[in-house]
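Asks: For the protein sequence lines, the chains are A and B, in the order given.
Count along the first sequence from 1, add 506, and you get the number used in my numbering.
Count along the second sequence from 1, add 89, and you get the number used in my numbering.
If you are wondering where the hints come from, they were derived from the structure by calculation, not from laboratory data.
Glycine included, C-beta positions come from ideal geometry on N, C-alpha and C.
A couple of the hints might just be wrong.
Result set (BS3-like, lysine-lysine): computed pairs, CA atoms no more than 27 Å apart in a straight line [to be verified]:
1. A:Lys636 / B:Lys340
2. A:Lys581 / A:Lys794
3. B:Lys257 / B:Lys126
4. B:Lys126 / A:Lys794
5. A:Lys608 / A:Lys686
Derived Cβ-Cβ restraints for the label pairs, each shown as a range [stated by the list, open to error]:
6. B:Ser249 / A:Val611: 16 to 26 Å
7. A:His600 / B:Pro312: 47 to 57 Å
8. B:Pro312 / A:Arg592: 46 to 56 Å
9. A:Thr689 / B:Arg303: 20 to 30 Å
10. B:Val176 / A:Arg732: 53 to 63 Å
11. A:Ala674 / B:Arg182: 17 to 27 Å
12. A:His600 / B:Val176: 22 to 32 Å
13. A:Glu679 / B:Asp173: 50 to 60 Å
14. A:Gly773 / B:Val142: 41 to 51 Å
15. B:Asp173 / A:Arg732: 49 to 59 Å
16. B:Val132 / A:Thr689: 39 to 49 Å
17. B:Pro170 / A:Gly623: 50 to 60 Å
Computed footprint of chain A on chain B; a stretch qualifies when at least three of its residues, placed anywhere within it, have a C-beta under 8 Å from a C-beta of chain A [said to hold, decoys possible]:
18. 130-142
19. 148-159
20. 189-197
21. 204-212
22. 243-254
23. 259-268
24. 327-340
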Amino acid sequence: MTVQQTVSPLPGQGASGANRVDTQPPPPQGMWSELFSFRDNRLGVMLIVPSLLALILVQFYPIVYNFWLILTSEKGEWIGLANLSRLTRDTIFHGALIFSLKMGVVVVPMCLLVGLGLALLVHSDYAGRKAIWISILIIPLMVSEIVAGMMWKIMYHPTLGLVNVPLAALGIEPIIWLVKADTAFIALCVVEIWRISPLAFLLLYAGLNQVPRDIYEAAAVDGATRWRAFWDMTLPYIRPMFAIATILVFVWSTRTIGTIAATTQGGPGRATWNLSWYIYGMSFQRLKPHYASAAVLVMLLMTYIAGTIFVRYLWVERRSR
Amino acid sequence: MGQTEARATAVRETAETETVPQPVEMAVQERRFNLRKLLVVIVLYLAAFWTLVPMYWVAISSIKSLRDLAHIPPRFFPTDPRLDAWVTIFERRILENVYNSLVVATLATVICLIIAVPAAYAATRMRLPFKFVAIVVGLMGLVALLPPIASAIPLFLLGSDLGIIDEKYTLIILYTVLNTAFAVWVLRGTFMDVPMDVEEAALMDGDTRFGAVRRILLPLIFPSLFSIAILLFIFNWNEYIIALYFVNSMKTMTLPIAIQAQIPQHELDWGVVSAAGTIAVFPVLVAAFTLQRFLVRGLTFGVASGQ
Chain A
507 MTVQQTVSPL
517 PGQGASGANR
527 VDTQPPPPQG
537 MWSELFSFRD
547 NRLGVMLIVP
557 SLLALILVQF
567 YPIVYNFWLI
577 LTSEKGEWIG
587 LANLSRLTRD
597 TIFHGALIFS
607 LKMGVVVVPM
617 CLLVGLGLAL
627 LVHSDYAGRK
637 AIWISILIIP
647 LMVSEIVAGM
657 MWKIMYHPTL
667 GLVNVPLAAL
677 GIEPIIWLVK
687 ADTAFIALCV
697 VEIWRISPLA
707 FLLLYAGLNQ
717 VPRDIYEAAA
727 VDGATRWRAF
737 WDMTLPYIRP
747 MFAIATILVF
757 VWSTRTIGTI
767 AATTQGGPGR
777 ATWNLSWYIY
787 GMSFQRLKPH
797 YASAAVLVML
807 LMTYIAGTIF
817 VRYLWVERRS
827 R
Chain B
90 MGQTEARATA
100 VRETAETETV
110 PQPVEMAVQE
120 RRFNLRKLLV
130 VIVLYLAAFW
140 TLVPMYWVAI
150 SSIKSLRDLA
160 HIPPRFFPTD
170 PRLDAWVTIF
180 ERRILENVYN
190 SLVVATLATV
200 ICLIIAVPAA
210 YAATRMRLPF
220 KFVAIVVGLM
230 GLVALLPPIA
240 SAIPLFLLGS
250 DLGIIDEKYT
260 LIILYTVLNT
270 AFAVWVLRGT
280 FMDVPMDVEE
290 AALMDGDTRF
300 GAVRRILLPL
310 IFPSLFSIAI
320 LLFIFNWNEY
330 IIALYFVNSM
340 KTMTLPIAIQ
350 AQIPQHELDW
360 GVVSAAGTIA
370 VFPVLVAAFT
380 LQRFLVRGLT
390 FGVASGQ
């Protein structure tokens, strides 16, 4: 609002536009480089170099170095693909991979459902103060994963915890959640849904806000039911955001490490090892960083494949309409 | 004039009933209105309860007496509040961890913005000589998907070779560079939303480029900049995986690692770890309610610009 005030009294705003027109057409908005016709290459490079160095240091260097690590043994000798072939025979790794995928299969749809439901509710006209609802509902996003895990460890605690209280009211025997493999899986899924569904909520809410309102009025005139309006108009509109939400939720749920560190520590036995926990355990606790790098490669591939699939089937389809 | 008024009333009516006024439907709408609103609000309250209850539970556990902690079924309100756990946690020098987290998160945020703002400016406002630089900036949007644990091992080995493990400045450098790509990507979206004409006009009027940036562009993008800064600070404040590899001693221990160290594997000290958790969540809760406008904007921004 102060912004407008600083801008509007500027003289020559229209004039500069007029001057420019006869030499060249106005540049298209949103393009990268054609925005300004000034030639200042050297300054531009100087401004961008620090970020480029940061990108190289933390993203490209590690990926390249990762391949080097995979191809060498812990003593630094060249061993070719031995690390990878060992990984394919490693049952602990299989367990971790399956656990990650299982968790993704449960957590991703649940987060999207919860997120979409809450986004629709907050977006509806019945929700009063939207800003307050939003800031309450996104709080889990701002809690560190280790703190989230710690909170839920207390919630699941057989005597301290709250989770068993409603179950006891229903006459169910108190469950010691984190001690058995199957209940620990359910417990971890619930923690992840608590932690990650606000992300889906936020993204889908942003998507809903981009849907133009007048199409609903048009649909109401045509006699469309609410359900049809939602199915045929809202969903196609938020489809790109839905794709982004799916990818991010999947990535977040597979990279989880803090919640496991706080709750089960991978136990009982190795029942709750996921990929991240495996990589951490192998590299840091067992001091086999070269071998763990092979698992990192698998994780990167998984992210890449999932991203490609989601983009192809969720995002692109709308573009072709 | 009369026509405009009529249209205004029509618009108002539409806004009130939220459908095109049709007599029969309006009657139905009228009857169902309250029930529907009630349902929506109830579900939202349940969602808020579900979101907040772990935090309430942790905060309440930190002031429960030992008798209350052992009570079955657990009490929703403490009958005999004690501060023992808080005394213990301060005796365990949690304030040093808070200090470490504050220093690391603040400096990393500031340095990250100092690096990222010029880069985003150059990427949107200048003609860059190499196409590949533009491509690299585009790639920055993608790297947000890479799990931090993928970079952790190579960086850890590099850090051990250089002998800079367990130093605060190492954490600051790493947090800075880990967030730079994200910050540039989001800032690029912010800068593209500001029309060029304004700055061009200032330049035509004889202002220097730096003057145009300082007087025109920065005030325009300040709210977004502030949102992004808050977001980066929260990322850094919560960062766990890199710290797991790079923190070895009390000298560098940030709050998330300190909390992990407090989690008992056996039946002791639940009050103490609850107190530590409360300390970690408190600033975030304060931020959520005082800075909600900026926060929601910052959180949505990254994605909106990613499209």
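Asks: Which earlier hints can't be squared with this structure?
Replies: 1, 3, 4, 6, 9, 11, 12, 13, 14, 16, 17, 20
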